[in-house]
Every structure is written in structure tokens, then in C-alpha cells.
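Peer 1: The chain contents come next:
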Amino acid sequence: MTNAKQPAIQVQNLWMSFPGKQAGEQIHVLERINLEVKAGEFVCIVGPSGCGKSTLLNIVGGFLPCSQGDVTVEGQPVAGPDPRRVFVFQENGVFPWLTVQENIGFGLLKKSVAERAGIVAHYIEMVGLHGFERAYPRELSGGMKQRVEIARALAANPDIIYMDEPFGALDFITRLKMRADLVRIWQSEKKTILFVTHDIEEAVQVADRVLVMSKRPATIQNIINVDLPRPRDLDSRGYLATRDEIFAAMGMSLRIGESEAEAARPNGAHAPKPQGLIPN
Amino acid sequence: MSATPPQPDLATFTGNRGPRAQNFQWSKIVLPIVVAILFLLAWDAGVRITGSDIFPKPIEVMRGIIQLIQRGLLLKYVVASLYRVTWGFTLAVLVGVPFGLFLGWYGWAFQAFNPMIQMLRPISPIAWIPVAILWFKVTDKAPIFLIFLASVFPITVSATAAVQNMQPVYLRAARNFGLTQFQLFSRVILPATLPQIITGIRIALGVAWLVVVAAEMIAVNSGLGYLIIDARNAGKRYDLVVAGMVMIGLIGLVLDLLVRQLEKFDEVRWGYANR
Amino acid sequence: MSLKRTLLVVAVLWTALITVLHLKLNLHVQFFGPKPKVEATQKFRVGFIPVTCHLTCPVTDFINKNMSGESFFEPIRFNGWPEVKEAYLSGYMPATFLLAPLAMELREQGVPIKIVYLGHRDGTALMVNKDSQIYRLEDLRGKTVAVPNRFSNQRLLIYKALKDRGMSIKDINMVEMPPPDMPVALRQHAVDAITSGEPFMGQTELDGYGRVLYLTKDIWPNFISCVLVVSEDAIKNRRPEVQRLVDGIARSGKWLDQNMDHRMEAAEFVAQNYYNQDPRLLRFVLSKPPDRVKYTNLAPLKKDFEEIEALAVESGIMQGTVHFEDYVDTSFVKDDTAIQPYAWEGKKP
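Chains as they are written, first to last, in this note's numbering: chain A, 1 to 280; chain B, 1 to 275; chain C, 1 to 349.
Treat the hints with care, as some may be off.
Computed list of lysine-lysine pairs in DSBU-like fashion (alpha-carbon distance at most 35 Å, straight line) [what the hints assert, rightly or not]:
(1) LYS217/C / LYS288/C
(2) LYS137/B / LYS288/C
(3) LYS141/B / LYS236/C
(4) LYS43/C / LYS76/B
(5) LYS76/B / LYS111/A
(6) LYS137/B / LYS334/C
(7) LYS4/C / LYS28/B
(8) LYS110/A / LYS264/B
(9) LYS143/C / LYS303/C
(10) LYS4/C / LYS141/B
(11) LYS141/B / LYS65/C
(12) LYS57/B / LYS303/C
(13) LYS215/A / LYS177/A
(14) LYS143/C / LYS141/B
(15) LYS143/C / LYS264/B
(16) LYS110/A / LYS143/C
(17) LYS76/B / LYS4/C
(18) LYS57/B / LYS76/B
(19) LYS24/C / LYS76/B
(20) LYS43/C / LYS137/B
(21) LYS137/B / LYS24/C
(22) LYS111/A / LYS24/C
(23) LYS4/C / LYS57/B
(24) LYS294/C / LYS137/B
(25) LYS65/C / LYS76/B
(26) LYS43/C / LYS141/B
Computed footprint of chain B on chain C, listed as stretches where at least three residues anywhere in the stretch have a Cβ under 8 Å from a Cβ of chain B [said to hold, decoys possible]:
(27) 8 to 16
(28) 72 to 80
(29) 165 to 176
Don't read these hints as lab results, they were simulated from the structure. Beta carbons: idealized from backbone N, C-alpha and C, even for Gly.
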């Protein structure tokens, strides 16, 4: 664990561009990204689709090298994936050739058999897959598979968990449930979570803080503190206000049928003034 | 998680079909037999109608097979052919799977070797017969070599494609856990590619069995391929020619059924669409 | 059981089982009990194809086995000319029966090969379908004729026969076909005429759809199609064995031509033990007529080969750069008339 003063994740002046289709052409994806995540914090990144949220998370996770800038995790520059930080993918990364318990124990090869069995049993219980230890992923529903993946990440006992739209492929009801479960687990396990989603409601439901990204080339446009007590009431005024604040920051209307020009107006009727804008 | 009631999983739907399951088994066995009987009847009628006394009737082929059994030749020939296919094919698997994985994993190796493989692949094993005789003389090694050649390319190509088509998310998930290169290979790459490799192996086994006739044209003096060629030498013994064909077909069917059993193992079943 | 373990166990057990069975059933390896004596040198292998042109090869083997309990050479059966040639070239066997022009052409191409003896004389026919309108060689004009190989003497025979009648090889359409496939091809009218060594010609007659247009003895008396060839290496290093082989072949030939009983006996044991054919076939071609194929007077003679050579050059299959002395070694037959037939009267009571 990191000491309390030091941020768990620190990104400074990060730029990212990909080579384009034509020679010499560069597509700028990320510009001048700065962010900090404190140890034990639950932070969400939201933004329009295709803005580069996942790219940012992949860079922080060590799966992609950035073009320019510094990424420091737990005081050390990121050089690649590290077993102390585990990534949960949008497309399910559960190994279909292993059973539920084998999947969860995948990262525990160095532990003794008994120790491993204990950890696996603990997390199977935690994600509610009791009775499915010997089932293969093809026998599980999408939500159950995603729970296996989360349990596998937790079992490796990382300090940080990166999640890239982990519930994107699930149905609405399952998604709601999974969010509740994730927050419960996070509360008991005290991990740092950096969570990418395009679902604003999801972000407000789970996060301590929400980082709003702009369109490409993306930068962090707003940082919104979700100062709401948990468990969160999805009908409360505070919840709705925070949600609307993010919608407004992303320049979106909450009224279906409104013209795009009206919706895009920066100070729309519903939107409070954007705040916490990062000074450029 | 707050006591989640176990969700109904897919297994309960696919594993237990209730009364329909039995129906399914029935059609799986009876229908093919009906087709086979119809085929035999059509064959018999065809020979009778054309009045050919060269092409044998099914019953004559049956008599030919019985004669072969009585002379103790059938077992000998089946064993000889299976022996050659077993060794040629085993060698092809031992060479083709590691080599194919290697090519699939290292892009430079694929670029270096693929043109050569694609060039050698379409050459029929029959074209290799002279080379096989010159290199291996008239021993069992020559047909084994031909069978090896026929099956090593499909195996290599399927293993290569399996690695190249592997879902990248498995690799990324694995990299999370800090595996060594060897662990990555044995715990992720191999199991992730196994379903496709097994399909490649199944196809290759069919090819290997297919070339057994050609491979036994070399002066080996046993085997089902030899039986066919020998029967041609024996004057009008086309009943034995067809008997050899029938035996090759039947054993091919059994081999395919056996290899298909591999696809039912839990480690690879995920890789096949629900059948 | 897991997939890996199942695969491993099944693969190992199966491979072991099939290997043991194969060794036992087909290679006759003795696993228990006394090991058979390992011979100091490998037995002299001799290649042959199941045609009457090579009949002396199995006959010699069989008579030796029955007279002295063991043969001094190992006959190796092939099914087609390319395979015999390739097995010989690979060095698998030092001696084989081969088409005469093929042996000569190999010599021309630099292969160290020598003809030491003939396989037979005559023993070839040209067959047409019984209901065809071909009654004379002239009727073959524009027809399709199957020959075993471009280096076969059968091709030269047609060449000669047509030339004698003022025709040329271009007047007919010639195709190469393995002799075992010829009878069916004739019967199904896939070709109009076929010619190769016996018994495949006799088979068409026996089955009632073939008609003899000519026998070789009618147009090229003392025709030679196959010869016994030996590598120069064997002549140099294994001379006694080569001598023994030539003597054996010569004695078998004389034994076969001694009387019809011997021929019928040979038809029986060769068909059963070596050719795997219906004995009726061999009985037929060895007796109807008796001079259809002959096994005496088999020492290679210069004038015979000069005739073949001239025809081969003329028809374009040889260059003509090698001659009798290059491709024949006559030193193994000092006096052919002095050779006595095997004194064996068969297993009949």
C-alpha cells in the first residue's frame, strides 16, 4: 500500500497520437492530460464514445506506451502491466478453458494449494458464485462471467484495479446489481479503482469523483466530485443534480427531441455553470 | 454479493433436452443406416441394370471381405495401414503443432516461412512418390514419409492461424498476472488455440488416411492401399478393389468419430459452436 | 480425465499397440523365444512385377526354397515400372527385371547398369475387343492403342509392325497405361487395342471379350521385352551371388520349358504365392499356345539388341550413344546350352 500523501496514480501532461492512414499523418487522441487518483479512491472517467478514454486507461495500465508525458503509479513510472495492478476488460477476459475456481486462482500460482483454495473460496463467496466453482464460463450468464473476472482481479490482491467499461455488455438490471456489488466489494477491500465508462448514470452511482473528457483530441474538461453518501439513493436530489451537471458538461440535453443546436448550447437551461475546469 | 439466487445457466438448457433428446439420438443412428441401405440398394440395382459383370455387386464385395478375413489378410492389411498412418500422422503432429505455434507467435518467422509452406502445401503426395522411394527405398519409411507430408501442412497452417486469430483479450488478461514467457505459452496460448488446432488435426487425419492408398503404391507388400493395387494385378478381382475401398471408408469414419470425441472435452468445448 | 492426459495415454498406448501388431503380423518379428540368426550380409534382392515376363524370378525362388529349404535371394514384388526403376536407382536392390529398352536408356543416361540375362522370349500379344472391326494391323489406323511404357518393347513392336506395313506410329494414337488396368479399359472400349506382357492379355481372352490381333511370335519372333539387370557395383563386389542368380534363372527357364507339367505346376505355385492371381490365368497363358511365351535361349545376343537399339533410336526414345558392349555383360553365361534344368519334379505325390 502507498502512503497516504502520495497519489496512487499521477498523470502529468500526457499526449497520445497514432499514425494515421496516410504516411506522416498523425491522429491526436489525447492532449495534455493531467490527473491524480488518491489511494483507495474510486474514480470514473466518462466521455463521448471514441474520445480516447480506453486509450488513457490502457496507457495508465501499462498496455500502451504514451507519445509524451509522465505516468506514475505508486511512485514509479509505468513500464508495463504489473501484477500489483489488475485490468478488467470490457470484452470478457475470463479463460473459457478453465473452471470458475481455476480462473479465479489463475494469478495465485505462487501460493500453496491450501492458501490458494482459501482465497478462491473467499472471493467466490464474495461475488456470489457459490455452487458454480466447477462450472465452465460457457455455462455462465454474462453477469456471472463478469463477476468471475472481478473475482479473479481481486484474488490477485492488487493495490489498484483498472476497469474498462466492465458492465458494458450486460443488460440494464444486471448492470445495476453489478454496480451495487462492486461498490460493496470496494468498500470492504479498500482498493483504488479507476473506472472508464460512457454511462454517466453509472459513474454517478459508483464514483467518488468523475473526470469528464472532451471530444477528440481529448483532454480532461471537468472534474466533478460526487459528494453523496453511500448507499446512494438514485431518486435523491443530490444524485440527480450531479448527474445533470455531468450531462451539461458533456453538452447533452436531457430532453429527447430537442434540436441539436439547443442541446449543444453551453449554458443550457438544466446545466449549472461548469466548474472545476482544468486550467490550460 | 447479497445472496444471489443461482441464475439458470446455459448448461441446464443444453445438457438436458428432456424427451426430445432421445428423439435426437434415434435420428442420429437410424437415419444414417437408412441412407446406407438405400445406397447399397441403388448400387445393387445399378449393377444389375447395366448388366456389368466387372463392377461387383455389394454382396460380392461382402464375400470378398469375408474371404480376406478367412485368409487372415484383412487384419494384417488394416494393421499395416494404421501403423503407417499412425507414425506419419504422429510425426506430423509433433512437428506441425509446435512449428505452427511458433509461426503464429513470431510475425517475422511467419513472413519468412509462409511462402515456402504455401508453395509446398499444394504438391500432391503422389508427386512425392519417386522422391520417397529414392530417399527411403522400399521400406515402411517411404509411405510414412508421404503420410507425414500430406498431414504436416494442414496441421501447421491451422496452428498458425489459431495463434493469429486468438482473442487478444486472453493475452492481455494473462499479462495482468505477470507470467513468464513459458507460462504464457503453456497456460494461455496453448489452451486458447487448442480448439482450432484440434479441428486442424481432425482435417489432417482425414487427409492422412486419404493418401494411404497412394502411399502404399510404393512396393510395400501390405496395407489396404496395397490390397487395391494388388487386386488390380489379380485379373478380374474388382470385388477386392471395392472391398479395399469400403474398408478404407469405414475406418476413416471410425477415425473421424474418435477424433470428434476430443472436441467434447471441457478444455476445448468452448471453442466450437453449440452442436 | 483431462484432455492432455487422455491424449497422451491414448496416443502412446495406440502407437505401441499398432507398432507391435505390425511388427508381428507383417514384418514377422519374433518377440519371444530365440532370435533368428542375423545374416552376415543382406540377401541379394531382385525386383519383379507379376507378369509372365518375370516368371523365372519367383520360380527360381520357389524351387530353391523347396529343394534346399532356403532361397539365396529375396524376390521383391512391385506393381509398376516407375516404382521398380526408382527402387533400383535408390540402391535398395542390386538386381531387377526391367524392360530392355528402359535398361538401355538408363545406361545411356549414365546409370551403372548391365543386362546379364533375358527374362523370356515372346510372351506379348496385341488384343482388340471381340466385337471390334479390327482384323488386320492396317485397321488400327486412327485407333487408340495402350502400351505399358514408352520404353517398353511393346511400343517398339508396334512401331516395327506398322513400319513393315508402310504405316507410321503417327497413324495411331498411343497411350501409356499400367498393364493391370488394360483389360478393363479394353472391355469398356476406353481404348481400341492393348498390348503388354501376359497374363493381362490372356485374361481378356479367358473372360471372353478379347481377341488376339497378333502374338509377338507372329511378327517379331524371339521378341524380348524384359531382361535381368544388375548394378555394376554388384558385378564387381558380389560376383558369386550374381553368377548364382543368373544360373538359377537360366535353370528355371529350362525347367519351365522342359514339359507342360512343369509349367502347370509353376502356374499353380506362382499364382498363389507370388502373383496373387487366379491360377487359371497363368495356366492359360502358359499353355495356349505353348509357345506364347518361351523361357529358353535366354543368353543375351548381340544381334537381338542391335535390332532393339536401332528401333529405339529410330523411334526417338534413345540417342544411340551406347551399344551392346556398354549395356550387356555376357560373362555370366559361358555356354547357355550347357546349363541343366532344375532336377525338381514338384510337390506332387
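Peer 1: Hint by hint, say whether it matches the structure.
Peer 2: Against the structure, the hints come out as follows:
Proximity of LYS217/C to LYS288/C is assessed by CA-CA distance (about 13 Å); at most 35 Å being required, the pair is judged to hold. Taking the CA atoms of LYS137/B and LYS288/C, the gap is near 38 Å; set against the 35 Å cutoff, the hint is violated. About 29 Å separates the Cα atoms of LYS141/B and LYS236/C, which keeps this hinted pair within 35 Å; it holds. Note on LYS43/C and LYS76/B: the hinted pairing holds, with a Cα-Cα distance of about 24 Å set against a maximum of 35 Å.
Our distance criterion of 35 Å between C-alpha atoms is broken by LYS76/B and LYS111/A, whose separation comes to about 54 Å. Between LYS137/B and LYS334/C, the direct Cα distance comes to roughly 34 Å. Compliance with the 35 Å bound is thereby established for this hinted pair. Proximity of LYS4/C to LYS28/B is assessed by CA-CA distance (about 29 Å); at most 35 Å being required, the pair is judged to hold. At most 35 Å may separate the alpha-carbon atoms for a hinted pair to count; LYS110/A and LYS264/B meet this at roughly 31 Å.
Taking the CA atoms of LYS143/C and LYS303/C, the gap is near 32 Å; set against the 35 Å cutoff, the hint holds. A C-alpha spacing of about 28 Å is found between LYS4/C and LYS141/B, which places the hinted pair at or below 35 Å, so the restraint holds. For the given pair, LYS141/B sits about 29 Å from LYS65/C by alpha-carbon distance, which is consistent with the 35 Å threshold. Proposed proximity of LYS57/B and LYS303/C is contradicted: the alpha carbons are some 52 Å apart, above 35 Å.
The straight-line distance between the Cα atoms of LYS215/A and LYS177/A is roughly 30 Å, inside the 35 Å bound, and the hint therefore holds. About 43 Å separates the Cα atoms of LYS143/C and LYS141/B, which puts this hinted pair outside 35 Å; it is violated. Restraint check for LYS143/C and LYS264/B: the C-alpha separation of about 59 Å exceeds 35 Å, so the hint is violated. Our distance criterion of 35 Å between C-alpha atoms is broken by LYS110/A and LYS143/C, whose separation comes to about 82 Å.
With a C-alpha separation of about 31 Å, the suggested pairing of LYS76/B with LYS4/C holds against the 35 Å cut-off. Straight-line distance between C-alpha atoms of LYS57/B and LYS76/B comes to about 25 Å, which keeps the hinted pair within the 35 Å bound. A C-alpha spacing of about 9 Å is found between LYS24/C and LYS76/B, which places the hinted pair at or below 35 Å, so the restraint holds. Restraint check for LYS43/C and LYS137/B: the C-alpha separation of about 16 Å stays at or below 35 Å, so the hint holds.
Taking the CA atoms of LYS137/B and LYS24/C, the gap is near 21 Å; set against the 35 Å cutoff, the hint holds. For the proposed pair LYS111/A and LYS24/C, the alpha carbon gap of about 51 Å is over 35 Å, so the pair is violated. Under the criterion of a C-alpha separation no larger than 35 Å, the hint pairing LYS4/C with LYS57/B is inconsistent with the structure, at around 45 Å. A distance of roughly 33 Å separates the Cα atoms of LYS294/C and LYS137/B; the hinted pair therefore holds under the 35 Å criterion.
As the CA atoms of LYS65/C and LYS76/B are separated by approximately 24 Å, the hinted pair is consistent with the 35 Å bound. Between LYS43/C and LYS141/B, the direct Cα distance comes to roughly 20 Å. Compliance with the 35 Å bound is thereby established for this hinted pair. Restraint check on the stretch 8 to 16 of chain C versus chain B: 3 residues with Cβ-Cβ distances below 8 Å, three needed, restraint holds. With 5 residues having a beta carbon nearer than 8 Å to a beta carbon of chain B, the stretch 72 to 80 of chain C meets the requirement of three or more and the stated coverage holds.
With 0 residues having a Cβ less than 8 Å from any Cβ of chain B, the stretch 165 to 176 of chain C misses the three-residue criterion, and the hint is violated.
When each numbered hint is compared with the structure, violations occur for hints 2, 5, 12, 14, 15, 16, 22, 23, 29.
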